[in-house]
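Protein chains: 2
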Amino acid sequence: MSVGKLEECQQHIRAQLDAVVEFWLKHSHDTVHGGFFTCIGRDGTVYDELKYVWLQGRQVWMYCRLYRCMDRFRRPDILEAAKAGKKFARVSTNGNQWKCAFCLTRDGKAVKVQRTIFSECFYIMAMDELSRVTGDKEMQLEAEQMMEQLIYWVRKDASGLGRPQLPGDVPTNSMAVPMMLLCLVQQLSEGRPETGKKYADLGSWCVSEIRQHIQRDGTAILENVSATGAELPGCLGRLQNPGHALEAGWFLLRYAADNDNKEIQRTAIEKFVELPFESGWDKAHGGLFYFLDVDGHCPTQLEWSMKLWWPHSEALVAFLMAYSQTKNPALLENFFRVYEYTFSHFPDSEGGEWFGYLTQEGKVALDFKGGPFKGFFHVPRCLYMCESLLDDLLGKHG
Amino acid sequence: MSVGKLEECQQHIRAQLDAVVEFWLKHSHDTVHGGFFTCIGRDGTVYDELKYVWLQGRQVWMYCRLYRCMDRFRRPDILEAAKAGKKFARVSTNGNQWKCAFCLTRDGKAVKVQRTIFSECFYIMAMDELSRVTGDKEMQLEAEQMMEQLIYWVRKDASGLGRPQLPGDVPTNSMAVPMMLLCLVQQLSEGRPETGKKYADLGSWCVSEIRQHIQRDGTAILENVSATGAELPGCLGRLQNPGHALEAGWFLLRYAADNDNKEIQRTAIEKFVELPFESGWDKAHGGLFYFLDVDGHCPTQLEWSMKLWWPHSEALVAFLMAYSQTKNPALLENFFRVYEYTFSHFPDSEGGEWFGYLTQEGKVALDFKGGPFKGFFHVPRCLYMCESLLDDLLGKHG
Numbered sequence: 001m002s003v004g005k006l007e008e009c010q011q012h013i014r015a016q017l018d019a020v021v022e023f024w025l026k027h028s029h030d031t032v033h034g035g036f037f038t039c040i041g042r043d044g045t046v047y048d049e050l051k052y053v054w055l056q057g058r059q060v061w062m063y064c065r066l067y068r069c070m071d072r073f074r075r076p077d078i079l080e081a082a083k084a085g086k087k088f089a090r091v092s093t094n095g096n097q098w099k100c101a102f103c104l105t106r107d108g109k110a111v112k113v114q115r116t117i118f119s120e121c122f123y124i125m126a127m128d129e130l131s132r133v134t135g136d137k138e139m140q141l142e143a144e145q146m147m148e149q150l151i152y153w154v155r156k157d158a159s160g161l162g163r164p165q166l167p168g169d170v171p172t173n174s175m176a177v178p179m180m181l182l183c184l185v186q187q188l189s190e191g192r193p194e195t196g197k198k199y200a201d202l203g204s205w206c207v208s209e210i211r212q213h214i215q216r217d218g219t220a221i222l223e224n225v226s227a228t229g230a231e232l233p234g235c236l237g238r239l240q241n242p243g244h245a246l247e248a249g250w251f252l253l254r255y256a257a258d259n260d261n262k263e264i265q266r267t268a269i270e271k272f273v274e275l276p277f278e279s280g281w282d283k284a285h286g287g288l289f290y291f292l293d294v295d296g297h298c299p300t301q302l303e304w305s306m307k308l309w310w311p312h313s314e315a316l317v318a319f320l321m322a323y324s325q326t327k328n329p330a331l332l333e334n335f336f337r338v339y340e341y342t343f344s345h346f347p348d349s350e351g352g353e354w355f356g357y358l359t360q361e362g363k364v365a366l367d368f369k370g371g372p373f374k375g376f377f378h379v380p381r382c383l384y385m386c387e388s389l390l391d392d393l394l395g396k397h398g
Numbered sequence: 001m002s003v004g005k006l007e008e009c010q011q012h013i014r015a016q017l018d019a020v021v022e023f024w025l026k027h028s029h030d031t032v033h034g035g036f037f038t039c040i041g042r043d044g045t046v047y048d049e050l051k052y053v054w055l056q057g058r059q060v061w062m063y064c065r066l067y068r069c070m071d072r073f074r075r076p077d078i079l080e081a082a083k084a085g086k087k088f089a090r091v092s093t094n095g096n097q098w099k100c101a102f103c104l105t106r107d108g109k110a111v112k113v114q115r116t117i118f119s120e121c122f123y124i125m126a127m128d129e130l131s132r133v134t135g136d137k138e139m140q141l142e143a144e145q146m147m148e149q150l151i152y153w154v155r156k157d158a159s160g161l162g163r164p165q166l167p168g169d170v171p172t173n174s175m176a177v178p179m180m181l182l183c184l185v186q187q188l189s190e191g192r193p194e195t196g197k198k199y200a201d202l203g204s205w206c207v208s209e210i211r212q213h214i215q216r217d218g219t220a221i222l223e224n225v226s227a228t229g230a231e232l233p234g235c236l237g238r239l240q241n242p243g244h245a246l247e248a249g250w251f252l253l254r255y256a257a258d259n260d261n262k263e264i265q266r267t268a269i270e271k272f273v274e275l276p277f278e279s280g281w282d283k284a285h286g287g288l289f290y291f292l293d294v295d296g297h298c299p300t301q302l303e304w305s306m307k308l309w310w311p312h313s314e315a316l317v318a319f320l321m322a323y324s325q326t327k328n329p330a331l332l333e334n335f336f337r338v339y340e341y342t343f344s345h346f347p348d349s350e351g352g353e354w355f356g357y358l359t360q361e362g363k364v365a366l367d368f369k370g371g372p373f374k375g376f377f378h379v380p381r382c383l384y385m386c387e388s389l390l391d392d393l394l395g396k397h398g
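One line per chain: the protein sequences are U and Z, in this order. No gaps in the numbering here: position 60 of the first sequence is 60 in full-length UniProt numbering, and each next residue is one more. No gaps in the numbering here: position 52 of the second sequence is 52 in full-length UniProt numbering, and each next residue is one more.
No lab work stands behind these hints, which were simulated from the structure alone. Treat each hint with caution, since some may be false.
Pairs involving identical chains hold if they fit within one copy or between any two copies, as the list cannot separate such chains.
Unchecked claim - In silico SDA-like links for lysine to any residue, alpha-carbon gap of 20 Å or less: (1) 262 to 328; (2) 112 to 373; (3) 109 to 293; (4) 109 to 236; (5) 26 to 217; (6) 198 to 270.
Work out the full structure: start from the sequences and follow the hints.
Dropping the structure here:
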């Protein structure tokens, strides 16, 4: 692989990141109530004023991460928007100071609450990253306090989330939960050895829970397994989510690097990067399927065959990080395979940003730039991480 | 329109109904635990043993309705399966004897409960129709008792359903609720003048609630309106579900006939049959869209442009009933327009039954015959009703 190609790729990604940041700075800020509009149409028009809390937290986090780590984004408007977004999203619900809403009205009234931990996860990420930028120790403490509540819900007693226990509803290890907690451990511990020690056990538990998803003698990653790591019956047990597996892959690669663990690195690459890419890539039309059934049944999710932007974002990060750690050229080849598909299908050269949802054949199926689940997160995180990894590979840092 | 064409159509529909009934008799019965498998693959294989309660109630209802109203289905195996299905689905949850589960394990343990009334609606339909066949007065009483609980939840106090009141979650009139209650009023009242009187006020309230969905000076049917019948902001308020409007259309037509009300008949045809068909029909590829946004924004439902079997089933019933009541040939023309699309796209000539989910272009996107939301209901109900309507039109009854 020529250095020239990596250079070209780095420049393209850098320009994409600049454009994507400008899109959200221009279209998503609510200067009246704070927080971010996330339902943004093809041309930037806000088509719904509801504010989804996952996306509020993610946008705060992303702004602060860019502000902290990339000189060109150390801009007062970015920091001010992040502060206003953090403040806006802080709505407690269910009588618990640590339970966040899922969806808020434009002026901040709770519309919907999920009986899960994800709004809280993204809010913790937001608080921690913002506190790193501002030096606000109390906010960092609050992030860790909310984290304690999450750990309690996940590992001790979930009843506070409000979901009734049902006799047929067996305890399940869903990939999303240990992934999110591992992501938070890495967020909270970065550059803080004491905090790292505090969360070391949790991190190792997350890795072990994620590895439980390696099933069928190591030939498949399954999205849901039993609490003891056995395969579950039916569609739930057979479900595969290639993008999620790839995302877990780079979380594990980061963990392997932080802990200098070659065995986890190998598992991450073989099982969580190469395997889901092989099984999840559509040989007929290109792109990653959203869902698959490991036995080849048709998934019951109506959108199973669609090509979504975020699995491709995650695949780009996963392959580039894997290459960066190993210098195995096959990994860089796959990075470019995903890169070609991604940049020839998702970016909107006219209206800016990326489309999020394509048909199996690669046609734009939903033409908005932001929606209830697509905000300022997967695209800029991917671009930021790829730019950084490429800078390292090209020797542009230090 | 020639009588020959109607004859041919009647014979085709009759043969389709026979084949569809045989498919479910052959593949869906759980002879061990009772109840019905509903996750049934292309070739009839059960790919998941979970039993969805909406579909349990619907299949019991449909079996009993066919048993009661069509001589050729007055078969002991059909009645026995219906009885076993009714018995299986009776699982109370949330500490309320009238609250049903949404999903059960194969042996009847609750896996999931919805904080809505729909499992109960279909269970009431099942009980009432079964009691009509068996003459079980206690079961009919139980159906009416559960109905009282539903009316309480809908019209007095929904807190028993378990959904927390949130400050941003404004009371909404969702089309599904008055539609389902009207359907139940018609079910419970059929051939029983005393019961009809008891539910007359409720029926008239349902009609009025359904009519609130006529918006924008009569130019659009919107799926969700405020509790006072005003348009709601955002995607929720702009959502259109053409299949649902068409289904409401024939519920209203039936109500108009029962009550000899020409004004409701006209509203039903103009606003709930013709209007959603005009706005919901895909001029480029044919077929009815699943969801649309009245202002032309892209809906946020990933499946918005897919062609589902059930809106087409409802459209067939709606147009044929409208024609049957008015003899307006334009309505019969539209019936045949939907008929051509439906029978050239949904039935599987190899494996039997219908596919449920097509891409916008009409390609099979999910190839199973039954799933969490597709059971023995919309297809056979449509075929049974169209066969009956055609028999009437052709003078084959009385």
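Comparing the hints with the structure gives:
Taking the shortest alpha-carbon separations for residue 262 and residue 328, only the intra-copy value of 14 Å comes in at or below 20 Å, while the best inter-copy value is 76 Å. For the identical chains of this complex, residue 112 and residue 373 are intra-copy neighbours only, at 14 Å inside a copy versus 24 Å across copies, given an alpha-carbon limit of 20 Å. Taking identical chains as interchangeable, the C-alpha atoms of residue 109 and residue 293 are never at most 20 Å apart, the minima being 39 Å within one chain and 24 Å between chains. Taking CA atoms no more than 20 Å apart as the test, residue 109 paired with residue 236 passes between copies only; the shortest distance there is 16 Å, against 34 Å inside one copy.
In this assembly of identical chains, the alpha carbons of residue 26 and residue 217 never lie at most 20 Å apart, being 49 Å within a copy and 35 Å across copies at closest. In the homo-oligomer, the alpha carbons of residue 198 and residue 270 never lie at most 20 Å apart, since the shortest distance is 30 Å inside one protomer and 67 Å across protomers.
Hint check: violations occur at hints 3, 5, 6; the rest are consistent with the structure.
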